[in-house]
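Per my numbering, the sequence shown starts with residue 1, numbered consecutively.
Because the hints were derived from the structure by calculation, they are not lab data.
Glycine included, every Cβ here is placed at the ideal spot set by N, Cα and C.
Heads up, some of the hints might be wrong.
Said to hold, decoys possible - Straight line, CA to CA, 20 angstroms or less: simulated SDA-like cross-link-like pairs of lysine to any residue:
id, residue 1, residue 2
1, Lys64, Leu123
2, Lys6, Pro35
3, Lys87, Pro60
4, Lys112, Thr67
5, Lys6, Leu90
6, Lys112, Tyr101
7, Lys2, Arg117
8, Lys112, His44
9, Lys2, His44
10, Lys6, Leu37
11, Lys87, Asp63
12, Lys69, Phe34
13, Lys112, Val51
14, Lys112, Leu53
15, Lys112, Asp63
16, Lys62, Glu78
17, Lys87, Ser76
18, Lys57, Asp98
19, Lys6, Lys57
20, Lys64, Tyr114
21, Lys2, Leu123
22, Lys6, Phe34
23, Lys62, Tyr77
24, Lys87, Asn108
Claimed, not checked - Derived CB-CB ranges, DEER-like:
id, residue 1, residue 2, range
25, Arg36, Lys62, 36 to 46 angstroms
26, Ser9, Asn108, 34 to 44 angstroms
27, Ser104, Ser9, 15 to 25 angstroms
28, His25, Glu85, 33 to 43 angstroms
29, Glu17, Gly109, 25 to 35 angstroms
30, Arg36, Met1, 17 to 27 angstroms
31, Glu24, Tyr114, 18 to 28 angstroms
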Amino acid sequence: MKYYAKIISLNENIEEEVTLSFGEHEICCFINEFPRLLRVGDIHLVELGLVFLDDVKVEPSKDKNATLKQQGNTFSYEMNGYLVEDKLFLSNLVFQDDILYEYSYLENGYVKIYPDRITVFFL
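Input sequences plus hints: build the corresponding full structure.
Given below as structure tokens:
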């Protein structure tokens, strides 16, 4: 999905790290490509993706609230949202990944997923 996001911060030590604001959520993302100069405060059209480096962990959730929690000071997140087909709905954000089709038995319900990082593509 494509969104307009505001750059909140850039990490001086890790050039691939950027924190973006999507209104309700701020997300620490991993930049896949650097198409142009990035500056704090700029607004860009972006596309978000999920990366699972090792095991994919998806589990049913009794929590009916959409949440996005960064795991420590890493790119990893705990995401709680509503699963429909290959999409996870988190209020104003929708994450799409083909791997979520493997969890169709959890479809039309709330799930927790644990991606190793959220990637961003600047369009």
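Okay, the hints, checked on the actual structure:
Between Lys64 and Leu123, the direct Cα distance comes to roughly 33 angstroms. Violation of the 20 angstroms bound is thereby established for this hinted pair. A distance of roughly 16 angstroms separates the Cα atoms of Lys6 and Pro35; the hinted pair therefore holds under the 20 angstroms criterion. Proximity of Lys87 to Pro60 is assessed by CA-CA distance (about 15 angstroms); at most 20 angstroms being required, the pair is judged to hold. Pair hint Lys112 plus Thr67 holds up; C-alpha atoms about 9 angstroms apart against a cutoff of 20 angstroms.
Distance check on the hinted pair: Lys6 and Leu90 sit about 18 angstroms apart at the alpha-carbon level, within 20 angstroms; holds. Taking the CA atoms of Lys112 and Tyr101, the gap is near 15 angstroms; set against the 20 angstroms cutoff, the hint holds. A distance of roughly 17 angstroms separates the Cα atoms of Lys2 and Arg117; the hinted pair therefore holds under the 20 angstroms criterion. Distance check on the hinted pair: Lys112 and His44 sit about 28 angstroms apart at the alpha-carbon level, beyond 20 angstroms; violated.
Distance restraint check for Lys2 and His44: the Cα-Cα separation of roughly 10 angstroms lies within the 20 angstroms cut-off, and the hinted pair is therefore satisfied. For the hint linking Lys6 to Leu37, the alpha-carbon distance of about 14 angstroms falls within 20 angstroms, and the restraint holds. A C-alpha spacing of about 18 angstroms is found between Lys87 and Asp63, which places the hinted pair at or below 20 angstroms, so the restraint holds. Of the supplied pair hints, the one linking Lys69 and Phe34 is violated, its CA atoms being roughly 26 angstroms apart against a limit of 20 angstroms.
A distance of roughly 15 angstroms separates the Cα atoms of Lys112 and Val51; the hinted pair therefore holds under the 20 angstroms criterion. Among the hinted pairs, Lys112 with Leu53 is consistent with the structure: their alpha-carbon atoms are about 17 angstroms apart, no more than 20 angstroms. Of the pairs offered as hints, the one joining Lys112 and Asp63 holds, with about 9 angstroms between alpha carbons and a cut-off of 20 angstroms not exceeded. As the CA atoms of Lys62 and Glu78 are separated by approximately 14 angstroms, the hinted pair is consistent with the 20 angstroms bound.
Among the hinted pairs, Lys87 with Ser76 is consistent with the structure: their alpha-carbon atoms are about 18 angstroms apart, no more than 20 angstroms. Of the pairs offered as hints, the one joining Lys57 and Asp98 holds, with about 14 angstroms between alpha carbons and a cut-off of 20 angstroms not exceeded. Pair hint Lys6 plus Lys57 does not hold up; C-alpha atoms about 29 angstroms apart against a cutoff of 20 angstroms. Using a Cα cut-off of 20 angstroms, the hinted pair Lys64 and Tyr114 holds, with the two alpha carbons roughly 17 angstroms apart.
Between Lys2 and Leu123, the direct Cα distance comes to roughly 9 angstroms. Compliance with the 20 angstroms bound is thereby established for this hinted pair. Pair hint Lys6 plus Phe34 holds up; C-alpha atoms about 16 angstroms apart against a cutoff of 20 angstroms. Restraint check: the Cα-Cα separation between Lys62 and Tyr77 comes to about 18 angstroms, which is no more than 20 angstroms; the hinted pair holds. A threshold of 20 angstroms between alpha carbons decides the hint, and for Lys87 with Asn108 the separation of about 10 angstroms falls inside it, so the pair holds.
For Arg36 and Lys62, the Cβ-Cβ distance of about 44 angstroms falls inside the hinted range of 36 to 46 angstroms, so the restraint holds. For Ser9 and Asn108, the hinted distance range of 34 to 44 angstroms is satisfied, since their beta carbons lie about 37 angstroms from each other. For the pair Ser104 and Ser9, the beta carbons lie near 37 angstroms from each other, so the given range of 15 to 25 angstroms is not met. One distance hint, 33 to 43 angstroms for the beta-carbon pair His25 and Glu85, is violated here, with the actual separation near 22 angstroms.
For Glu17 paired with Gly109, a C-beta distance near 33 angstroms keeps the hint of 25 to 35 angstroms intact. The hinted window of 17 to 27 angstroms between Arg36 and Met1 holds, with their beta carbons roughly 21 angstroms apart. Take Glu24 and Tyr114: their Cβ atoms lie about 21 angstroms apart, and the range 18 to 28 angstroms holds.
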